[in-house]
Amino acid sequence: MIANFDPVTLARAQFAFTISYHFIFPSFSIGLASYLMVLEGLWLKTGNGVYANLYRYWLKIFAVVFGMGVVSGVVMSYQFGTNWSAFSTKAGPIVGPLMAYEVLTAFFLEAGFLGVMLFGISRVGKGLHFFATCMVALGTLISATWIISVNSWMQTPAGYAINVKGQFVPAGSWLPIIFTASFPYRLVHTVIASYLTTAMAVGAVGAWHLLKDPANRGARKMFSMAMWMAAIVAPIQILAGDQHGLNTLEHQPAKVLAMEGDYEPSPDGAPLILFGLPSNDEGRVRYEVAVPHIGSLILKHDPHAPLPGLKDYPRDIWPPAPIIFWSFRIMVALGFAMLGLGLWSLLARARGKLYDWRWLKRAAILMGPSGFVAVIAGWVTTEVGRQPFTIYGLLRTAQSHSPIGAPAVAVSLLAFVIVYFTAFGAGIFYLLRLMSKPPLAGEPEPQPIPQRAAGITPAASVAAHLPGEA
Amino acid sequence: MAHVDLTIVWAGIIGFAVFAYVVMDGFDLGIGILFPIFSVGEERDQAMNSIAPVWDGNETWLVLGGGGLFAAFPLAYAIILPATYPLMIAMLLGLVFRGVAFEFRWRDPRHRPFWDIAFSLGSVTAAFAQGVTLGAILQGIEVRGDAYAGGWLDWLSPFSLLTGVAVVFGYALLGATWLIWKTELRCQQRARHLALPVGVATLIALAAVSAATPFLQYDYWHRWFALPGVLLTAQVPLLVVICAGTFLWSLRRDAERLPFFMALALFLLGFVGLGISMFPYVVPRAVTIWDAAAPAQSQSFMLIGSVIIIPIILAYTGWAYWVFRGKAGTEGYH
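Residue numbers (the numbering used here), protein chains in the order written: chain A, 14 to 483; chain B, 29 to 362.
Next comes chain B alone, as it looks inside the complex:
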């Protein structure tokens, strides 16, 4: 155990939690983003039913991501959250609205249009705030004396707005492809029609963010383009092209599952790309994962539990998804 760097292990675990959150709550939020386009009645109900049994578990990964950061990298948690203060508040309030809408729209049919709007606006707000936060971290945060030293609108820039839009499109893509898999008839058809434009928009946004990142003030450029690293980093865009091609092909062939898995693959590649840009910093060029790390006693205490419990969580989460396998019903709630 002595030669294992706990800090790197924990960076991996939190990276995994964040990725699990992004893809799992991503398709939930994506459905919320696309919700107004679905017609009232069967289409919306089916879309809602496809995530009603799992959204709560999906959102729990956000708490693990945040809580894990607090526990394993308290300094990073204490710098990033104040630096993105309005974004965090907006995200949380967005999540409140879309979370309560799951139950409330069934409880109160007369005000269902209101809760549908709340669901949708909440989802867009949360997704956009998460995307802008990503951009804000990438472009750098002013740190002095182990604390955030900027103002409360420092996060706002053309680049962070771009990443915000990119994440909204990306989640919409996950949502559309999830619905192709989990629904049928008109709802599925609608999702199919949506998947192509949001897919193309996601790819354009991904390309724009990727193109802009190396020109931020830090040495992302060297990270990506210097030899011999470029031989490895070049694989990422290459794989993106392959996945994008497979995605378009699978849509044309009316495949039901492949579009979703290709969307997941695109997110994974985007995530790997972020890792390449950022490592080993958690706040770029200010705080490395080792600077921010909690002491070894804290990290090892949590690691023991995580190694045992995370596989169990994955097992019963997988079981819960399996229980609700197949197409979502149209008859109200499951």
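Excised from the complex, chain A in its bound form:
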């Protein structure tokens, strides 16, 4: 089977696999870090013990998520060199410094303060501990900013020149390189996605425990906070996504046309294809179910605005439409489902039944993983939509890979798959197990939070497994 694949396809598979697995963790830890910051801030401000309990509850989960994010992230920083060395040589002078800034301004900040955040409360006092939590949250956001800047430059490159060695180098100022045309849209859309992902996960955990014990204070609080997030942030995300789409249409029209399955030009306004199987080979969408004019309404905010079709562009720059047509639809459908959940919770809240409607809780549980699925689907849409280029319009994927033979790439891909499913599979199992335990109700306000030994792992459970445990 391996013999059927060329090294480029295998290297792409490896990058796709490692980045998709990696992306699950930061998209959760970005949101969780901010959530923890809010919880600890509210505790310091109100002195209400329920916030302290929730902080301790989610901190345990954060520790596991963050650990997996770190180790899968280290892999990413080396993927560029191992599998994409031609890209690294050519784009290193531009992409490298941005990533170096990510390490300097974000990774060290997160890592430096994480130890204090997890284990240091009894050693530094409340104020300084809160400061450490804020620094970790800030670090996750700075990290997102730089890496989205890198990605946006690869999508909508600007501010570069090409030197005699064929490398992309800064033409002058770094500002147009950092702040490319798609950067603000992509950053807003991605960070909000992290917040929504976290809100869906937190809401599901709260709902799960509410179903079993509607009086659990911690579960009520987290469910309520998560549903506020869904109600307020989901519509903002849909607006941000719409703007991001308009921006993409302007700068990467072929990507949007493939997402929409628009092969033929539509001089009188494009339809919205609800269902179909796009085929790049046939240049059409099979089994198409379409609503006329809605496509132009969405993309141009005018039902009769003309739109080009993929056939207006050279065949060799078409992205693989069958993939991104569907990944895009999955993302959008989940986004609207989140909006629906948020509106439903508003209705329940207005009726004073937020903690009583069982079907709302069941729906929230069902939506628990939706953020992760939507984030991966969105990422697939934008990255596969960038094909066949690594640097859009400038450097082809087929000219970016390392001089490594297919067997080496295949074996390492296999190793990644086995290790990731083992290590992160276990980690996800531990996360689910942590989430399945209810937040402790009515616990006296911890002094200080979290307790030295109890903060991460209850001392009793550790002590029980000390000597004698083989």
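Misleading hints may appear alongside valid ones.
Unchecked claim - Residues of chain B placed beyond 10 angstroms of chain A at every Cβ, according to the derived structure:
hint, residue
1, VAL37
2, ALA99
3, PRO102
4, ILE117
5, ILE145
6, HIS221
7, HIS250
8, THR261
9, TRP277
10, LEU296
11, SER305
12, TYR309
13, PRO323
14, ILE337
15, ILE341
Said to hold, decoys possible - Estimated spans, in silico, between C-beta atoms of each pair:
hint, chain 1, residue 1, chain 2, residue 2, range
16, A, GLY54, B, GLY273, 50 to 58 angstroms
17, B, GLY173, A, VAL424, 48 to 56 angstroms
18, A, LYS178, B, GLU212, 52 to 60 angstroms
19, A, PHE30, B, VAL228, 39 to 47 angstroms
20, B, ILE340, A, VAL51, 51 to 59 angstroms
As the list claims (entries may be wrong) - Simulated coverage check for chain B against chain A, where a stretch passes if three residues somewhere in it have a Cβ under 8 angstroms from a Cβ of chain A:
hint, segment
21, 73–83
22, 105–115
23, 123–137
24, 168–180
25, 325–332
No wet-lab data here; the hints were simulated from the structure. Backbone N, C-alpha and C define an ideal beta-carbon position, used for all residues, glycine too.
Chain B: place on chain A using the hints.
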């Protein structure tokens, strides 16, 4: 600024990042290497606790080393990583296992023995892969047209296996001496007993690598033994002897901190030795730091940030170590 060679400055910064990584993650990985020898329960838990709050920060220097190389010397990054492809993959997978073990062994007491093995095997794999990579770079990499031109097992040689073993012993030495400093009672005692054999093994390995290096195909020989340079280069082995003596003496006197600092000094001298052998090449005899350098705009852009941010990083990293000063507890996690 015009008369400062940015490329040399960046070689220095990346050298510093790599050295910071080697010593900081070195003692983390060293504890993993020695982990099976520590008995289940208090000894292992104490050893783990001594690094739990700092390992993540320590590993970040690896990302800075790799990321910095990518940014400041993209050509070197793009040659060395494909040339050592299986080693890099093995190192990363090793780091995955030992990284997740920090949390997982507490999360799942029933499978703690499994995660302890993962921690240990992951650490040995990562350390060995890093050591072999060092040897592979020293012995030379086939480069044609600004790209790696060899096969995917070119790195494998008796010399690179020797450097791999040397790094495993060296990290174990750092780990043992760190535990002498940061733990007490049985754990500390165990570390003391281990420090002598791994210390001696490290010195033997260091001597073997040093003896073999000048006989590799390149002119390392001239670098080290030609006059008048030998007057300077001879100081390195001399200092190694002094540090080794102090190390043995400090172990006999039951000192708590000195063994660790002597282990650090040995690593520093080894690192200086490498610098003497390699400079100004980043891929020996194929690519100099100037060949591989990113354009000045890239290097100066990063330098501005680095000059401001690296001291801040060192300050809060130092603070984080200071918060967790003293002996590591035995009662589960900190």
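Evaluated hints:
Annotated as non-interface, VAL37/B keeps its C-beta farther than 10 angstroms from every C-beta of chain A; the closest such distance is 14 angstroms. Consistency note on ALA99/B: stated as away from chain A, yet its beta-carbon is not over 10 angstroms from all of that chain's, at 3 angstroms minimum. Residue placement check: PRO102/B does not keep its beta carbon more than 10 angstroms from all beta carbons of chain A (closest about 2 angstroms). Once the 10 angstroms rule is applied to beta carbons, ILE117/B is inconsistent with being away from chain A; the minimum gap is 4 angstroms.
In this structure ILE145/B is separated from chain A by more than 10 angstroms, as the shortest Cβ-Cβ distance comes to about 12 angstroms. In this structure HIS221/B is separated from chain A by more than 10 angstroms, as the shortest Cβ-Cβ distance comes to about 20 angstroms. Distance to chain A confirms HIS250/B as a non-interface residue, since its nearest Cβ pair spans about 31 angstroms, more than 10 angstroms. Every CB of chain A is more than 10 angstroms from the CB of THR261/B (nearest about 32 angstroms), matching its label as outside the interface.
The beta carbon of TRP277/B is kept farther than 10 angstroms from every beta carbon of chain A, the shortest such distance being approximately 33 angstroms. At roughly 22 angstroms, the least C-beta separation between LEU296/B and chain A is larger than 10 angstroms, which holds for a residue marked as non-interface. With a least beta-carbon separation of about 23 angstroms from chain A, SER305/B lies farther than 10 angstroms from that chain, consistent with its non-interface assignment. Against chain A, the non-interface label of TYR309/B holds: every CB pair exceeds 10 angstroms, the least being about 18 angstroms.
For PRO323/B, the non-interface assignment is contradicted: its Cβ lies about 5 angstroms from the closest Cβ of chain A, within the 10 angstroms cut-off. Here ILE337/B does not stay apart from chain A, with its beta-carbon only about 5 angstroms from theirs, under the 10 angstroms limit. Against the 10 angstroms criterion, ILE341/B falls within the reach of chain A, whose nearest CB is about 4 angstroms from its own CB. For the pair GLY54/A and GLY273/B, the supplied restraint of 50 to 58 angstroms holds, since their beta-carbon distance comes to about 55 angstroms.
The given range of 48 to 56 angstroms is broken by GLY173/B and VAL424/A, whose C-beta atoms sit roughly 26 angstroms from each other. Between LYS178/A and GLU212/B the CB atoms are about 57 angstroms apart, so this pair conforms to the stated range of 52 to 60 angstroms. Taking 39 to 47 angstroms as the suggested C-beta distance range, the pair PHE30/A and VAL228/B conforms, at roughly 44 angstroms. In this structure the hint that ILE340/B and VAL51/A lie 51 to 59 angstroms apart at CB is violated, the actual value being about 26 angstroms.
Counting residues of the segment 73–83 of chain B whose beta carbon lies closer than 8 angstroms to any beta carbon of chain A gives 4, which meets the minimum of three for the stated coverage. With 8 residues having a Cβ less than 8 angstroms from any Cβ of chain A, the segment 105–115 of chain B passes the three-residue criterion, so the hint holds. Figure legend: the segment 123–137 of chain B, annotated as covered by chain A; annotation consistent (12 residues with Cβ-Cβ distances under 8 angstroms, at least 3 required). Three residues within the 8 angstroms Cβ limit are the bar, and the segment 168–180 of chain B against chain A gives 5, so the coverage statement holds.
Only residues whose C-beta sits within less than 8 angstroms of a C-beta in chain A count toward coverage, and the segment 325–332 of chain B has 4 of them, enough to reach three; the restraint holds.
Checked against the numbered hints given earlier, this structure breaks hints 2, 3, 4, 13, 14, 15, 17, 20; the rest are met.
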